[in-house]
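Peer 1: Quick mapping for you: the protein sequence lines, in order, are chains D and U.
Numbering that gives the first Met the number 0 numbers the first residue of the first sequence as 0 and each following residue consecutively.
Numbering that gives the first Met the number 0 numbers the first residue of the second sequence as 0 and each following residue consecutively.
Wrong hints could be hidden among the right ones.
In silico lysine to aspartate or glutamate, EDC-like type, Cα no more than 20 angstroms apart, as pairs [as the list claims (entries may be wrong)]:
#1 U/Lys149 - D/Glu178
#2 U/Lys149 - D/Asp34
#3 U/Lys149 - D/Asp223
#4 U/Lys149 - D/Asp62
#5 U/Lys79 - U/Glu144
Worth flagging that the hints you see were computed from the coordinates, not collected in a lab.
Predicted, not measured: the structure shown is a model, and the values here were computed from it.
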Amino acid sequence: MDDSESVFALRNVTVRRPDPNGGEPRAVLDGVDTDIPGQGTTVLWGTSGAGKTTLLRLLDRLDVPDAGVVRYRGTPLDDLDPLALRREVGMVFQRPTPFAGTVRDNLRVAAPEADDGRLGELLERVSLPADVLGRDADTLSGGELQRMCLARTLVVEPRVVLLDEPTSALDAEPTRTFERTVADLAADGLTVVWVSHDAAQVRRVADRVLEVAGGRVRAREADDLEDEA
Amino acid sequence: MTVNWAGTAFSLILVAVAAGLSLYWGLGLERSIVWAALRAGVQLLLVGGILLLLLRPQTSLWWSWLWVVAMLGYAAVTAKQRAPGVPRIVPLALTAFVLATALSLAVLFGLGVFPLSARTLVPIAGLIVGNAMTATVLAGRRMVEEFTDKRDEIEARLALGQPSQDAARPYVRGVLRSALSPQIETTKATGLVFLPGAMTGLILGGADPVSAVLVQLVVMFLVLAAASTTTTVMAIGLSRRLFTPDHRLVRLARAAS
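Please put together the full structure from these sequences, using the hints given.
Peer 2: Structure (structure tokens):
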């Protein structure tokens, strides 16, 4: 695949982290070469600590590699305005991250001018009723909060969303709701990069799978994955 | 009214009581208590001796200014020792101290609240720098704690495309509010709950209570201003240092993963 066809291209990317015991820094990602296509849902799969989250954070420039280059639509991230990049590439974190205030306050952080009509439409896209707008965000359930965080990201109409184990703190039912919501968004043309360690979930949501293991990344078939990484 | 050497020695009985209590309860603090009391005694006597030299009419006021500069440097180093988790605290603390000191001294001496002399300059600067140092350590620690605890929230804001200073603002505001509140509460409660140090000292020294109150008021406002200025400089300065120029949150030593 040519660099410009993929939404993200990583070339020889290395990320080192300090050893917690004070030894030599350890390479979490070690010369990674991979491409993430611009359509559908790509899952980054692997065991905990394999470097999936590290890789995902590079894509939003919340971290930068120690060596190598990450390109977004053909342009190295170093040459892009990080704020503009983050408006095109949204991110939902492992634990819900509500800000103080109402759901409306949360949704307006990135779009202060958005009116209730627009915010209501956004909530509908993530399967939340419009009447939660005035509620204190802290009163939502875990599943609702995570979908609110997704809506908060969608408010600036990103082309890509990065999901870092977004359902790991949720029960089965809210997990399925979240998965269906994301599938609808992907069907509407949003590019999704989803970090997961749950093989069953990968089989439900993935259009393609990249396994992160031993500091490297390789393509896998969802049906071949062992039940738990 | 003055206290003589014998009187001071008798007051050591009170230190012995504290040490005795520590011994009785097995706190293991008796050595620290005795050491702290002795150290305070030696340090204060030393300072008293130097003040005696500075107050001689033939001594130039420059020596007092030199002392002020030394205090500023010592305070910055002490702040670093007390808040080791705060990145590059020394230059920031120094900036905060210099600003707070310059502002307060300009008002006090510029408007003639006190006459500028060794007798006023050294103790007032000491008061400002001492309080500024406490405020700096407090603000520095709170900032690092807040930015470690709220790391996920701050990164979520960055991921929405907010510039780092916008993403930091709600948390900096929280730190400022919680760091300044105790100072404001103390100021409010003064006189109702306790008689503050400067006033107590003046009254014990035989001064007229009303003049003691006026001096105390000036001292209190001075402390409030010094704490507010340093806390604000620290919080704003640190909030810039905790991000990279490309709007990433710096990994703090305390932060996990």
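Peer 1: Starting from lysine 149 of chain U, check that the Cα of glutamate 178 of chain D is at most 20 angstroms away, please.
Peer 2: 27 angstroms, violated
Peer 1: With a cut-off of 20 angstroms on the C-alpha distance, tell me whether lysine 149 of chain U and aspartate 223 of chain D pass.
Peer 2: 39 angstroms, violated
Peer 1: Is lysine 149 of chain U close enough to aspartate 62 of chain D, meaning Cα to Cα at most 20 angstroms?
Peer 2: Holds. Lysine 149 of chain U to aspartate 62 of chain D sits at ~17 angstroms (cutoff 20 angstroms).
Peer 1: Below or equal to 20 angstroms on CA atoms is what counts here, so check lysine 79 of chain U against glutamate 144 of chain U.
Peer 2: 16 angstroms, holds
Peer 1: Does lysine 149 of chain U pair with aspartate 34 of chain D here, judged by a C-alpha cut-off of 20 angstroms?
Peer 2: Violated - the C-alpha atoms of aspartate 34 of chain D and lysine 149 of chain U are around 32 angstroms apart, more than 20 angstroms.
The structure fails to meet hints 1, 2 and 3 from the earlier list, while all remaining hints are met.
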